[in-house]
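Here are the chains, one letter per residue:
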Amino acid sequence: DVKVTQSSRYLVKRTGEKVFLECVQDMDHENMFWYRQDPGLGLRLIYFSYDVKMKEKGDIPEGYSVSREKKERFSLILESASTNQTSMYLCASSLYWGRTEAFFGQGTRLTVV
Amino acid sequence: KNEVEQSPQNLTAQEGEFITINCSYSVGISALHWLQQHPGGGIVSLFMLSSGKKKHGRLIATINIQEKHSSLHITASHPRDSAVYICAVGTQGGSEKLVFGKGTKLTVNP
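As you go down the protein sequences, you meet chains A and B in turn.
Heads up: the first sequence runs through residues 1 to 113, numbered per the working numbering.
Heads up: the second sequence runs through residues 1001 to 1110, numbered per the working numbering.
Honestly, the hints are just simulated from the structure, not real lab data.
Using N, Cα and C, we set each Cβ at its ideal position, and we do this for glycine too.
Keep in mind that the hints are not guaranteed to be accurate.
Unchecked claim - Taking lysine-lysine pairs in the DSSO-like style, the calculated list, with each CA pair at most 27 Å apart, reads:
no., chain 1, residue 1, chain 2, residue 2
1, B, Lys1105, A, Lys3
2, A, Lys3, A, Lys53
3, B, Lys1102, A, Lys55
4, A, Lys71, B, Lys1097
Said to hold, decoys possible - So the derived label-pair ranges between C-beta atoms look like this:
no., chain 1, residue 1, chain 2, residue 2, range
5, A, Tyr96, B, Gly1057, 23 to 31 Å
6, B, Gln1014, A, Pro61, 39 to 47 Å
7, B, His1078, A, Ser80, 41 to 49 Å
Start from the sequences, fold in the hints, and give me the full structure.
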């Protein structure tokens, strides 16, 4: 029944490390999204992708990049992790974003030390 | 001003109480979503609606397009309803996106 799967629930990384967060969906959706969630700030869009190899910056892309080589997989990359990137990261997918049901992964709580 | 405002931010109730969470928005929308997030992270879609009312078990969602307002009701609340409830709207025109409220943290005590 699982539709959107994130590779890790909890992750601890050191400052300066390159970090990969993986997300896989099994619904053949074109649209996939990465959000971060922080107390008091809600969900903020980092990047999204509407097709393989296509990506668009969201509201807070600085310090992040993404990769979408296959339709089902959308990866978030922290090029050089910093402590201010400690957060909950959520992946989501949808057929038509906003107009159809949104499916979320279980979240990855990343701590950068 | 945020495009999506939820109230209250925090809500504590006793088991069995009727609960209402409100959501107001200021943009044109294609649909409004109610989401639930339990401690531990994962978000689940409860409802997606663009008019009227939807019901699923003890949960009811309503929307008034003219007033740009939606409510989520929980009847006969239970401790397992304790979660963060998030309102989100799908915006119209241009690049479609989902705009989120900051959530309402509900605690239901036994």
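Comparing the hints with the structure gives:
1. Lys1105/B x Lys3/A: holds (25 Å)
2. Lys3/A x Lys53/A: With Cα atoms ~21 Å apart, Lys3/A and Lys53/A stay inside 27 Å; holds.
3. Lys1102/B x Lys55/A: holds (26 Å)
4. Lys71/A x Lys1097/B: OK: Lys71/A and Lys1097/B at ~20 Å, within 27 Å.
5. Tyr96/A x Gly1057/B: 23 to 31 Å: Since Tyr96/A and Gly1057/B have Cβ atoms about 26 Å apart, the given range 23 to 31 Å holds.
6. Gln1014/B x Pro61/A: 39 to 47 Å: holds (44 Å)
7. His1078/B x Ser80/A: 41 to 49 Å: holds (45 Å)
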